[in-house]
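Asker: Modelling step: build the complete structure from the supplied sequences, incorporating the hints.
From first to last, the protein sequence lines are chains A and B. All residue numbers for the first sequence refer to the working numbering, where the first residue is 94 and numbers rise by one. All residue numbers for the second sequence refer to the working numbering, where the first residue is 7 and numbers rise by one.
Hints were generated in silico from the structure; no laboratory data involved. Hints are supplied without guarantee of correctness; some may be wrong.
Among chain A residues calculated to face chain B with C-beta under 8 Å, some are [unchecked claim]:
(1) 139
(2) 182
(3) 209
(4) 219
Ideal placement from N, C-alpha and C gives every residue a C-beta, glycine not left out.
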Amino acid sequence: MTEIKMFDQKNWIKENLDYKKESGSWAWIYHRISGIALIGYLFLHIYSVSPLSQGKTAFDSKMASFSSPLFMFLEWLLFAFVLFHSLNGVRIVLVDWADGAKYHKQLYVYSVIIGIILFLAMGYVMFSHEITKMFASL
Amino acid sequence: MFKYNKSRTTGSTSWIIQRITGIVLVVVMIGHYILMHYMPENGHTYDAVLARMQSNWYRVLDLTFIVLGMYHGLNGVWGIFRDYKMKPWQSITVFSVILILGIAFTLWGIKTILDIPYINSTSTTFLVK
Numbered sequence: 094m095t096e097i098k099m100f101d102q103k104n105w106i107k108e109n110l111d112y113k114k115e116s117g118s119w120a121w122i123y124h125r126i127s128g129i130a131l132i133g134y135l136f137l138h139i140y141s142v143s144p145l146s147q148g149k150t151a152f153d154s155k156m157a158s159f160s161s162p163l164f165m166f167l168e169w170l171l172f173a174f175v176l177f178h179s180l181n182g183v184r185i186v187l188v189d190w191a192d193g194a195k196y197h198k199q200l201y202v203y204s205v206i207i208g209i210i211l212f213l214a215m216g217y218v219m220f221s222h223e224i225t226k227m228f229a230s231l
Numbered sequence: 007m008f009k010y011n012k013s014r015t016t017g018s019t020s021w022i023i024q025r026i027t028g029i030v031l032v033v034v035m036i037g038h039y040i041l042m043h044y045m046p047e048n049g050h051t052y053d054a055v056l057a058r059m060q061s062n063w064y065r066v067l068d069l070t071f072i073v074l075g076m077y078h079g080l081n082g083v084w085g086i087f088r089d090y091k092m093k094p095w096q097s098i099t100v101f102s103v104i105l106i107l108g109i110a111f112t113l114w115g116i117k118t119i120l121d122i123p124y125i126n127s128t129s130t131t132f133l134v135k
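Answerer: Structural data, given as structure tokens:
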């Protein structure tokens, strides 16, 4: 008779780390991390857009502080979280409602590939102005 | 038909709402990104926002976005907490903090949108254009 392994409540971090993870487990973990990041960003976003009610000068100076290269880079990284959460969310819906459980691993691979392509494309769209300027000076 | 009848009261409705809001958010998010980054000058200046907000459709869209995003996000956070064993006082505290933060920031966002003035005082009727 095989012994049923019980989950060890006290060592849950070690238990989670030791668990053999395939694409589905990683998708679950990344979905949580990106979800927490996105709700954190939503709070920040409501705060950062709130100077709209104080008029033009307040809002435009706030926006100017967010258009530095560092913030644009962070916005680009944020898009990676958005992409993973959206594409994996679509994958979850397909698994739940469209018989996707039969091909969920392929769906994971496809969503990662589509995500990387869209991430690079967004990088070009966001920084196209800087890129053109860089090549013009060569 | 419902073999596990109790599952109707253990969060299955909130699970379906989470799916539906998620799908809606993906669609709105695509529009949001095109508007804000493909045409960055439309997204990041006060004049552009003011011009866009003259249409009540944009206001309704943004209000929907805030409410659905907040609901989806905080319901997700609550779902994560529910994965762990909590004592009653812990789960009451966590739920209260989530609820208060959610309501406060949602109202703040709604206020921000509704505070944006209409340029013509006569155009406060629904559907400007």
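Asker: State for each hint whether it applies.
Answerer: Now the hints, each set against the structure:
| no. | hint | result |
| --- | --- | --- |
| 1 | 139 | holds (4 Å) |
| 2 | 182 | holds (5 Å) |
| 3 | 209 | violated (17 Å) |
| 4 | 219 | holds (6 Å) |
The structure fails hint 3 only (numbered hints given earlier).
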